[in-house]
Amino acid sequence: MIEIDGSRGEGGGQIIRSALGLSLVTGKAFQIKNIRAGRKKPGLLRQHLTAVRAAAEIGSARVEGDNMGSKTLRFEPGSVKGGHYHYAVGTAGSANLVLQAVLPGLLQADEPSELILEGGTHNQASPPFDFLKNTFAPVLHRMGPKLSLTLDRHGFYPAGGGCMTVQIEPAPLKPIELNERGALQSIEAHAVIARLAKHIADRELNTVGERLEIPHEHRHIRFAGESQGPGNVLLVTLTGEHVTETICGFGDRGMRAEDLAEAVAAEAQAYLNADVPVGAHLADQLLIPFAMAGGGSFRTTAPSSHFTTNVETVRTFLDVSFRVEHLSEKAWAVTVR
Amino acid sequence: MKKTVVIGLFGATLDTAKAAKRWDKWRPTLSLCRHEDLLIDRLDLLVQTRLANQTKRLAEDIALVSPETHIELQLIDFEDPWDFEEVFAALLKFADGYDFKPDEEDYLINITTGTHVIQICLFLLTESGYFPGRLIQASPPKKKDPGPGTYRIIDLDLSKYDQLAARFERETLEARAFLKSGIDTRNQGFNHLIEQIEQVAVGSPYPILLMGPTGAGKTQLASKVYELKKLRRQVEGAFVEVNCGTLRGDTAMSTLFGHVRGAFTGAQSDRPGLLRTAHNGLLFLDEIGELGMDEQTMLLRALEHKVFMPMGSDKTVRSDFQLIAGTNRDLYDQVRRGRFREDLLARINLWTFHLPGLAGRVEDIEPNIHFELARFGRDANRKVTFNKEAWQRYLAFATGPEGIWSANFRDLSASISRMATLAGGGRINQEIVEEEIGRLKRQWTRPDAAFAVLEEYLGAEGVEEVDLFDRAQLAQVIEVCRQSKNMAQAGRKLFQASRRQRKSVNDSDRLRKYLAKYNLSAATFWD
Chain A
1 MIEIDGSRGE GGGQIIRSAL GLSLVTGKAF QIKNIRAGRK KPGLLRQHLT
51 AVRAAAEIGS ARVEGDNMGS KTLRFEPGSV KGGHYHYAVG TAGSANLVLQ
101 AVLPGLLQAD EPSELILEGG THNQASPPFD FLKNTFAPVL HRMGPKLSLT
151 LDRHGFYPAG GGCMTVQIEP APLKPIELNE RGALQSIEAH AVIARLAKHI
201 ADRELNTVGE RLEIPHEHRH IRFAGESQGP GNVLLVTLTG EHVTETICGF
251 GDRGMRAEDL AEAVAAEAQA YLNADVPVGA HLADQLLIPF AMAGGGSFRT
301 TAPSSHFTTN VETVRTFLDV SFRVEHLSEK AWAVTVR
Chain B
1 MKKTVVIGLF GATLDTAKAA KRWDKWRPTL SLCRHEDLLI DRLDLLVQTR
51 LANQTKRLAE DIALVSPETH IELQLIDFED PWDFEEVFAA LLKFADGYDF
101 KPDEEDYLIN ITTGTHVIQI CLFLLTESGY FPGRLIQASP PKKKDPGPGT
151 YRIIDLDLSK YDQLAARFER ETLEARAFLK SGIDTRNQGF NHLIEQIEQV
201 AVGSPYPILL MGPTGAGKTQ LASKVYELKK LRRQVEGAFV EVNCGTLRGD
251 TAMSTLFGHV RGAFTGAQSD RPGLLRTAHN GLLFLDEIGE LGMDEQTMLL
301 RALEHKVFMP MGSDKTVRSD FQLIAGTNRD LYDQVRRGRF REDLLARINL
351 WTFHLPGLAG RVEDIEPNIH FELARFGRDA NRKVTFNKEA WQRYLAFATG
401 PEGIWSANFR DLSASISRMA TLAGGGRINQ EIVEEEIGRL KRQWTRPDAA
451 FAVLEEYLGA EGVEEVDLFD RAQLAQVIEV CRQSKNMAQA GRKLFQASRR
501 QRKSVNDSDR LRKYLAKYNL SAATFWD
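So the protein sequences, as listed, match chains A and B. Numbering-wise, this note's numbering puts 26 at position 26 of the first sequence, and it's gapless, one number per residue. Numbering-wise, this note's numbering puts 211 at position 211 of the second sequence, and it's gapless, one number per residue.
Hints were generated in silico from the structure; no laboratory data involved. One or more hints might be untrue.
Restricting the straight-line Cα-Cα distance to at most 20 angstroms, the calculated cross-link-like pairs of lysine to aspartate or glutamate (EDC-like) are [claimed, not checked]: (1) Lys21/B / Asp66/A; (2) Lys71/A / Glu3/A; (3) Lys21/B / Glu60/B; (4) Lys2/B / Glu226/A; (5) Lys143/B / Asp252/A; (6) Lys56/B / Glu226/A; (7) Lys2/B / Asp44/B.
If you anchor each label on the Cβ, the simulated ranges turn out as follows [stated by the list, open to error]: (8) Asp106/B / His199/A: 47 to 53 angstroms; (9) Glu169/A / Asp106/B: 39 to 45 angstroms; (10) Leu124/B / Asn67/A: 29 to 35 angstroms; (11) Arg152/B / Pro175/A: 36 to 42 angstroms; (12) Arg152/B / Asn67/A: 50 to 56 angstroms.
One side only, chain A facing chain B, incomplete, derived with CB under 10 angstroms [what the hints assert, rightly or not]: (13) Gly38; (14) Pro42; (15) Leu45; (16) Leu151; (17) Gly155; (18) Ala159; (19) Gly254; (20) Glu258.
Predicted, not measured: the structure shown is a model, and the values here were computed from it. Even for Gly, the Cβ is constructed at its ideal location relative to N, Cα and C.
Model the full assembly from the supplied sequences, consistent with the hints where possible.
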């Protein structure tokens with residue numbers, strides 16, 4: 001039984017999701033204590049429960065402590081079964097976070113899977129759908145498994161109600177090198193608006209387009225008319241020779257469209273200036289697949305606290321070693337073996 | 001793991017919003033379903049039937065933000081959500097019919113939505129255990145924050161509310177002490193009686209019937225009930241008190257129900273009548289058994305419909321009053337004799353309390369002596385006490401077999417007043433006590449004791465109008481009448497000597513004429 005201290009590192013839900021994913025991959029049982037200790041609302045919250053229950057179903061696991069506010073969770077997985085699954089996340093919580101908990105297991109299941117995930121698809125606290133589809137899935141495909149994502153309905157905070165379909169074709173993961181971005185092929189901007197005035201999108205595109213010198217034909221407005229509630233996200237897609245990065249910013253009440261666009265432009269510029277292929281968010285997502293592959297390396301910007309906590313969690317399940325090397329002010333090399 | 005069930009009212013205002021702007025508005029019931037740390041398995045949404053179709057959007061939106069929550073619409077009906085009685089009854093009925101499973105489900109009663117009246121009723125029903133759960137209260141977030149705000153769960157069973165409960169208990173105790181005029185009575189039966197009266201007096205607007213002998217404190221208690229209700233803001237009007245034994249003939253009708261000018265000879269101006277004076281207040285009708293049949297009929301109508309017709313008027317007037325009736329007669333017996341309306345008795349005896357006489361409450365004599373002494377002290381502005389021997393002697397007499405107390409508290413009060421007045425230097429000594437005991441004994445053994453029967457038939461004021469010279473005779477006559485089956489039998493007994501001497505021609509007629517002088521008739525005694 002692997003013992004994990006939930007108060008370690010940044011101490012949030014990430015440890016739980018990583019542990020669930022790794023437990024499904026390795027078949028190792030774990031117990032996590034002090035879940036979200038020190039937080040304002042400690043213990044398991046609803047989105048974590050949904051993830052725990054999804055992982056338990058997919059991995060035929062025996063679970064103890066899967067209730068609201070629980071500070072200890074015991075998870076003993078059985079065999080992972082691919083297939084059709086459908087989960088709905090409440091509180092407009094991110095559907096992507098449920099995917100994080102179950103994906104590692106399904107990547108190496110005996111059969112392909114189709115997940116229908118309902119809830120938030122574009123949330124502040126997690127990578128949006130477009131990131132998973134355009135940035136994460138292509139890298140994963142190069143390692144073996146194929147991830148096809150379809151957005152059926154946008155879901156924004158606070159209404160939620162979005163829906164996406166994820167098809168997973170399992171394959172053994174093989175190590176890759178992701179050290180160069182290669183030549184920048186294009187920059188595109190998408191302003192997504194749901195139930196809000198069009199001028200918001202226009203203003204965002206004008207500002208971000210000017211800052212990043214995006215040609216007009218690459219500035220797009222996406223009307224998410226099917227969304228249940230209002231919402232706005234500005235997405236910038238930077239397509240390089242070897243990798244595509246997605247930068248996003250969320251509109252909020254009281255925030256000027258221009259300010260939002262400036263912030264997104266600045267983040268995109270910082271990524272371009274760093275001259276590394278893997279952004280901070282992608283680095284977080286790649287840790288587990290790289291560890292599962294048992295090798296490989298990538299270059300990224302300064303590691304986040306998410307990243308460091310994740311490294312520790314991975315090492316409690318898998319016998320791999322990480323080397324994180326400071327290359328320059330803005331570039332770090334991560335090697336797995 | 002128990003399921004979490006929220007029971008709450010659909011807020012017709014708070015829970016609804018224009019379609020386009022609804023995600024900008026804080027909706028309490030929806031907000032409860034949006035909290036990350038609160039998973040609601042089932043929401044029992046109480047809704048008035050006429051509003052049921054307005055819940056659709058709320059239900060759809062809850063399904064989005066809380067797919068885990070199963071929503072059940074519970075139709076509930078009250079016309080006026082501000083009508084306390086109606087709302088309370090509807091919610092109580094709902095609670096009664098609800099299949100609570102406290103072993104399997106955890107209930108949270110949402111007091112955020114609905115009128116204040118609904119919120120208060122939910123609180124009361126939860127506090128009293130009809131809803132076996134905890135309260136939940138949602139609050140909106142700070143301005144511009146799109147989050148769900150906050151919520152609070154309030155467990156009324158928790159010890160931190162003991163202080164509140166204790167305070168509530170203290171107020172109840174104070175109310176009881178109040179009804180007993182602050183006298184620390186010890187008679188269990190009496191204390192229990194006061195407890196019940198307190199509950200009824202505070203809780204209900206219905207008539208109360210106080211039964212008990214003269215001087216048992218009926219008037220005192222009625223006025224205390226009134227003061228208590230006034231303190232609790234349950235009555236606004238006046239306390240109106242009348243002894244029905246003093247109401248005779250035309251004036252009875254007019255005194256109670258009023259008259260308009262010219263209704264009868266001598267009716268020079270309008271008179272509102274006591275019932276109207278007692279509007280929104282409390283009417284105490286002492287010796288209600290003395291009320292004439294016509295007055296009984298009017299009173300019944302006034303109680304049932306809150307309206308009545310003053311004499312000579314063709315318009316009804318309205319008066320909403322609480323009635324306390326007093327009697328020292330057995331009203332059931334009066335009904336059997338056809339002297340009291342059965343329907344009126346049924347109307348007023350919903351709450352009947354029997355006030356025992358002082359001799360039936362020996363434990364309470366001591367605290368009442370203290371009370372009377374204190375009262376004397378206040379009124380006369382000087383403190384009076386017994387010396388030890390005097391106290392022991394008086395108390396032994398008062399609580400012993402010689403303490404007859406035929407006029408109950410009236411006797412006790414007079415006795416203490418006399419002794420206190422005679423006590424020079426504020427000390428009641430043995431001498432004063434011995435004198436007083438002698439006085440009381442004479443009073444109770446003198447024919448006066450039999451005069452109680454006069455009071456029963458004539459009322460206290462009625463007795464005053466009879467010369468002392470005639471009282472013994474009248475009392476004896478009444479006693480014989482009571483023991484006889486009819487006028488003829490009573491006549492035979494009373495005029496036995498004359499009969500033997502063949503002096504009397506018609507005993508019945510002689511008796512009838514005698515009784516008529518005191519406004520008594522055959523109907524007083526026989527059907």
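These are the hints, each one checked on the structure:
no., hint, in the structure
1, Lys21/B / Asp66/A, "violated (36 angstroms)"
2, Lys71/A / Glu3/A, "holds (13 angstroms)"
3, Lys21/B / Glu60/B, "holds (15 angstroms)"
4, Lys2/B / Glu226/A, "violated (37 angstroms)"
5, Lys143/B / Asp252/A, "holds (13 angstroms)"
6, Lys56/B / Glu226/A, "holds (19 angstroms)"
7, Lys2/B / Asp44/B, "holds (16 angstroms)"
8, Asp106/B / His199/A: 47 to 53 angstroms, "holds (48 angstroms)"
9, Glu169/A / Asp106/B: 39 to 45 angstroms, "holds (44 angstroms)"
10, Leu124/B / Asn67/A: 29 to 35 angstroms, "holds (31 angstroms)"
11, Arg152/B / Pro175/A: 36 to 42 angstroms, "violated (53 angstroms)"
12, Arg152/B / Asn67/A: 50 to 56 angstroms, "violated (21 angstroms)"
13, Gly38, "violated (15 angstroms)"
14, Pro42, "holds (9 angstroms)"
15, Leu45, "holds (4 angstroms)"
16, Leu151, "violated (17 angstroms)"
17, Gly155, "holds (8 angstroms)"
18, Ala159, "holds (5 angstroms)"
19, Gly254, "holds (5 angstroms)"
20, Glu258, "violated (19 angstroms)"
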